[in-house]
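Given next are the chains, with one letter for each unit.
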Amino acid sequence: MLAKGKAGPRHQDHPLWFLIPALAVLVVFFLVPTVFNFVYAFTDWSSFKSAINFAGFDNFTSLFTNGTLLNSLKVTLLYAVLVAIFQNAFGLGLALLLEKDTRVNRAVRVAFFVPVIMSALAVGYIFQALLKPDGALNGIIGWFTGSDVSIPWLGSTTWTIVVVAIVHAWKWMGLSMLIYLAGLKTISEDVLEAGRLDGAKRWTMFSAIRFPLLAPAVTFNVATALLGSMNGFDIVQATTEGGPGGTTELLNIYIFRTFGQGLFAQATTMSLILFLLVAILAFPVIRYLRKREDVL
Amino acid sequence: MTLTAERPETAARTAPARRGPKRRFPVQPVVAILVAVLVLGVPFWLVIATAAKDQAQALNPDLSPPSEWRLFDNFAQVFADGRMVAGFFGSLLVMVPAVIGVLILGSMAAWILGRRGGKLTAAIYALGISGIVLPPAVVTIVLLLRQLGLAGTALGMIGVYMGMYLSTVIFFVTGFVRTIPHELEEAARVDGAGPVRTFIRVILPLLRPVLATATILICLYIWNDVFYALFVVGGRLDTLPLNLYQVASAGLYLQNWHLIFAYIILMSLPLLITFVVAQRRIISGITSGAVK
Chain A
1 MLAKGKAGPR
11 HQDHPLWFLI
21 PALAVLVVFF
31 LVPTVFNFVY
41 AFTDWSSFKS
51 AINFAGFDNF
61 TSLFTNGTLL
71 NSLKVTLLYA
81 VLVAIFQNAF
91 GLGLALLLEK
101 DTRVNRAVRV
111 AFFVPVIMSA
121 LAVGYIFQAL
131 LKPDGALNGI
141 IGWFTGSDVS
151 IPWLGSTTWT
161 IVVVAIVHAW
171 KWMGLSMLIY
181 LAGLKTISED
191 VLEAGRLDGA
201 KRWTMFSAIR
211 FPLLAPAVTF
221 NVATALLGSM
231 NGFDIVQATT
241 EGGPGGTTEL
251 LNIYIFRTFG
261 QGLFAQATTM
271 SLILFLLVAI
281 LAFPVIRYLR
291 KREDVL
Chain B
1 MTLTAERPET
11 AARTAPARRG
21 PKRRFPVQPV
31 VAILVAVLVL
41 GVPFWLVIAT
51 AAKDQAQALN
61 PDLSPPSEWR
71 LFDNFAQVFA
81 DGRMVAGFFG
91 SLLVMVPAVI
101 GVLILGSMAA
111 WILGRRGGKL
121 TAAIYALGIS
131 GIVLPPAVVT
141 IVLLLRQLGL
151 AGTALGMIGV
161 YMGMYLSTVI
171 FFVTGFVRTI
181 PHELEEAARV
191 DGAGPVRTFI
201 RVILPLLRPV
211 LATATILICL
221 YIWNDVFYAL
231 FVVGGRLDTL
241 PLNLYQVASA
251 GLYLQNWHLI
261 FAYIILMSLP
271 LLITFVVAQR
281 RIISGITSGA
291 VK
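Protein chains in written order, with the working numbering: chain A, 1 to 296; chain B, 1 to 292.
Note that these hints are calculated values from the structure, not bench results.
Careful, some of the hints might be misleading.
Label pairs and their computed distance ranges (CB to CB) [what the hints assert, rightly or not]: (1) F38(A) to G118(B): 22 to 32 Å; (2) E68(B) to E189(A): 49 to 59 Å; (3) R208(B) to I141(A): 45 to 55 Å; (4) Q255(B) to W17(A): 49 to 59 Å; (5) F211(A) to P26(B): 51 to 61 Å; (6) A250(B) to D134(A): 15 to 25 Å; (7) A56(B) to V27(A): 54 to 64 Å; (8) T157(A) to G175(B): 44 to 54 Å; (9) F48(A) to G175(B): 41 to 51 Å; (10) V114(A) to R208(B): 54 to 64 Å; (11) A123(B) to V81(A): 24 to 34 Å.
A few chain A residues facing chain B, derived, Cβ under 8 Å [said to hold, decoys possible]: (12) N37; (13) Y40; (14) F42; (15) V108; (16) M118; (17) P133; (18) G142; (19) G146; (20) A279; (21) I280.
Since this is a predicted model, take the numbers as computed values, not measurements.
Every residue, glycine too, gets a C-beta built ideally from N, C-alpha and C.
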């Protein structure tokens with residue numbers, strides 16, 4: 001069991017049995033269910049019969065032919081990309097706006113962190129009320145334009161996915177902001193000074209010096225937003241429940257709905273697809289972003 | 001973005017009287033406050049105003065102030081009808097053991113993973129942190145819990161959360177362990193301390209800052225989680241988000257926005273108060289892990 005190496009005599013000071021409790025929990029509650037995913041996706045497990053039989057690729061072919069699979073995949077990926085874009089744009093904008101350490105800025109930063117600590121489900125309900133056709137947002141727009149506005153923000157088969165992605169970004173932008181602020185602080189004063197001596201204007205300073213040096217913060221923020229929102233559920237469930245017409249039906253919404261209907265095998269199949277999607281995307285995404293850091 | 005203020009020290013260094021005495025309109029603070037009012041103030045005011053209205057007024061939530069503030073009456077009603085107390089203690093019942101569990105098991109594992117080399121350790125580390133990105137198999141977890149006789153129990157929920165968040169602890173703590181000098185352990189060992197004593201007396205106290213960060217993050221996730229709770233304990237154990245989900249989706253409460261928002265205020269208060277009290281530590285803790 002003991003790994004060989006020059007630090008050999010040290011090994012008894014760090015006994016392997018310290019790993020056992022954590023490993024046991026990981027194996028039972030993480031690894032085994034994941035392995036089960038690969039097994040039960042190929043069965044006809046459901047609440048309607050007691051026996052579970054092998055069913056081959058039936059779940060995959062039926063999900064593929066009735067369009068659910070591709071729709072959920074498309075919606076999930078689109079949602080993840082939109083969230084990553086909005087959350088980073090908002091977070092970076094806020095970080096630049098609130099960069100200076102003044103009393104007002106510190107207070108506003110704290111305020112923007114409040115949505116981060118709130119429940120995503122609660123955020124979803126708040127925006128459901130805010131975005132109703134006769135809700136507060138249309139009221140504000142109507143007040144500015146002087147006419148009655150009744151845009152169905154959550155009722156468009158094209159744009160609602162963008163709206164819910166913005167709500168998701170609203171909830172998490174405070175976290176991105178903090179990470180960008182921390183990134184901005186790490187940029188050395190000498191580099192900025194050099195840029196200024198070269199006569200760089202504000203925009204050049206930002207695009208040519210500060211933004212490239214923010215690469216580690218961008219990596220962290222894009223990766224967490226992208227991978228975290230692929231696993232999204234609460235906000236979409238609370239605002240649209242996957243509608244209208246399935247245009248916001250994330251994989252997790254589908255899994256929850258079919259699980260509730262007792263179609264366990266279909267839910268498992270989708271869960272496996274989500275797992276594979278994240279697994280396939282996670283490594284290239286992180287590697288690509290890391291490479292961008294190394295170039296500097 | 002053009003409104004970004006320069007750092008004070010550089011402004012002083014690079015601009016010898018370039019702009020003269022400043023008596024300009026304070027653009028940046030005004031913009032900052034305006035953005036906060038529009039982006040945060042509107043939704044938050046909607047919550048507070050609606051939570052203070054009666055049912056008729058709250059039927060269509062808007063930004064008008066309530067004609068009569070009945071915030072506390074609505075609080076009392078969700079307390080009684082929304083199983084608030086049961087939800088609060090249910091949430092605590094799963095969160096506290098899960099967090100303590102992942103902290104202890106995670107730091108034990110991370111100490112070894114941070115100190116030993118070799119392929120086996122690397123493989124275990126990879127397995128240990130894979131849960132940070134990979135989503136848990138939420139459907140088959142339910143099946144497994146049924147087989148273990150833990151379906152719908154607090155213990156099952158605790159196990160699921162531990163399986164999910166151990167990876168976060170292992171990731172944070174292993175990185176931290178590598179920065180602790182070997183000499184500190186050596187000293188304890190010379191005094192005749194075994195691994196257990198060394199771990200408890202030397203390592204654990206040193207891990208305090210990183211464990212604080214992990215605690216904050218994991219509390220945040222578990223306190224607000226509804227997705228995994230719906231699968232594992234839905235309908236059989238009360239937690240605050242589960243009860244909110246029931247209050248908001250049950251036909252009985254449909255469109256009772258004043259109660260939904262009163263519930264949201266009450267369930268957010270514990271984390272909100274913790275955050276206000278410890279905001280400096282929380283913010284620096286969270287950001288320190290992200291940008292290295």
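Outcome of the hint check:
no., hint, result
1, F38(A) to G118(B): 22 to 32 Å, "29 Å, holds"
2, E68(B) to E189(A): 49 to 59 Å, "56 Å, holds"
3, R208(B) to I141(A): 45 to 55 Å, "50 Å, holds"
4, Q255(B) to W17(A): 49 to 59 Å, "57 Å, holds"
5, F211(A) to P26(B): 51 to 61 Å, "26 Å, violated"
6, A250(B) to D134(A): 15 to 25 Å, "23 Å, holds"
7, A56(B) to V27(A): 54 to 64 Å, "56 Å, holds"
8, T157(A) to G175(B): 44 to 54 Å, "45 Å, holds"
9, F48(A) to G175(B): 41 to 51 Å, "48 Å, holds"
10, V114(A) to R208(B): 54 to 64 Å, "26 Å, violated"
11, A123(B) to V81(A): 24 to 34 Å, "33 Å, holds"
12, N37, "4 Å, holds"
13, Y40, "6 Å, holds"
14, F42, "12 Å, violated"
15, V108, "5 Å, holds"
16, M118, "5 Å, holds"
17, P133, "10 Å, violated"
18, G142, "11 Å, violated"
19, G146, "17 Å, violated"
20, A279, "6 Å, holds"
21, I280, "11 Å, violated"
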